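Enquirer: Sequence:
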Amino acid sequence: MPKSRTTNESTFHPLDKNGFIPLYFQIQRALMEKIQSGELSEGDPLASEEELSRYYQVSRMTARQALHGLKTSGYAFSEKGRGTFVTRPKLEKNIMHLQGFTEEMRQRGMKPSSKLLEQTVRTPDEDLAQRLKLDASDKVVHLRRLRLADGIPMAIEDSHIPLKQFPGLDRIDFAKHSLYQTLRERYGVRVGYADEIIEALLATKEESELLTIPRKSSVLSIMRVIMTTQETPVEAACSRYRSDRYRASIRVPMTAIE
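For what it's worth, our numbering labels the leading residue of the sequence shown as 698, then goes sequentially.
Source of the hints: derived by calculation from the structure; they are not laboratory data.
The model shown is predicted, which means the values in this text are computed figures rather than measured ones.
Treat the hints with care, as some may be off.
In the BS3-like style, the derived pairs of lysine-lysine whose C-alpha atoms are separated by at most 27 Å in a straight line are [claimed, not checked]: (1) K873 x K836; (2) K808 x K836; (3) K913 x K861; (4) K714 x K768; (5) K902 x K812; (6) K861 x K812; (7) K873 x K808; (8) K861 x K873; (9) K913 x K812; (10) K808 x K731; (11) K777 x K731; (12) K913 x K902; (13) K768 x K913; (14) K731 x K714; (15) K830 x K861; (16) K812 x K873; (17) K830 x K768; (18) K836 x K812; (19) K913 x K777.
Sequences and hints are given; from them, build the entire structure.
Expert: Have a look at this one:
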């Protein structure tokens with residue numbers, strides 16, 4: 698097993714054993730700072746309970762609490778028989794806030810990019826035509842994109858947009874442009890709301906390869922239809938987010954609790 702990068706005792710600062718902050722939390726915070734500063738990188742092994750208890754002169758229980766806190770915060774994971782390793786915290790996907798991938802990643806201080814997998818004009822099937830309120834002869838632009846943040850694959854997005862509402866949309870390179878920004882700035886779309894269906898699904902072979910995750914890993918699937926303020930559907934989409942990077946969050950108003 699690789700030697701932990703945290704086993705150098707000179708990198709450990711003494712704990713404040715007379716203060717009000719619990720010792721386990723001081724250890725957890727110190728390790729978290731090493732991860733956030735880049736001193737510890739994703740995949741690096743962390744010191745064991747025994748090592749932490751020896752370095753900090755605390756009980757094994759205190760060291761165990763510190764590692765448990767890192768794991769519940771999303772900064773570490775354990776593998777049976779191997780130890781505990783650094784990971785990246787999952788991104789919160791606020792399903793009550795409608796936001797495009799590009800804008801969301803920029804707000805998080807990450808660099809968004811896209812790999813265009815498909816951009817075609819096609820005739821919608823019966824279900825898609827119904828969701829977009831289209832006639833059988835209408836066409837849609839189908840965009841299939843791999844979405845990346847800081848070069849890391851994060852999601853696969855399939856979007857279907859009615860072409861008759863947005864002439865020329867099929868000629869825009871969406872590997873370089875934001876779909877929602879284009880709809881807003883070029884076509885004057887004002888989004889009112891979205892109807893979404895959220896599921897936990899197993900990744901297909903293709904999804905696993907594109908997202909660089911193990912076969913049959915779980916993905917967070919969000920199907921949506923976006924409506925304008927005039928109740929006109931402008932997009933029917935399905936996004937598959939890798940579950941090791943994302944988790945859904947929702948704020949429930951008190952009026953919903955009886």
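Enquirer: If a hint holds in the structure, say so; if it doesn't, say that too.
Expert: Here is how each hint holds up against the structure:
1. K873 x K836: Holds, at about 23 Å.
2. K808 x K836: violated (33 Å)
3. K913 x K861: Judged against 27 Å, a Cα distance of about 38 Å means the pair is violated.
4. K714 x K768: holds (24 Å)
5. K902 x K812: holds (18 Å)
6. K861 x K812: Roughly 25 Å separates the two Cα atoms, so the pair holds.
7. K873 x K808: holds (13 Å)
8. K861 x K873: Holds: K861 and K873 sit about 23 Å apart, inside 27 Å.
9. K913 x K812: Holds. K913 to K812 sits at ~22 Å (cutoff 27 Å).
10. K808 x K731: holds (23 Å)
11. K777 x K731: holds (24 Å)
12. K913 x K902: This hinted pair holds, its Cα atoms lying about 7 Å apart.
13. K768 x K913: holds (23 Å)
14. K731 x K714: holds (21 Å)
15. K830 x K861: holds (12 Å)
16. K812 x K873: holds (9 Å)
17. K830 x K768: violated (46 Å)
18. K836 x K812: holds (23 Å)
19. K913 x K777: holds (20 Å)
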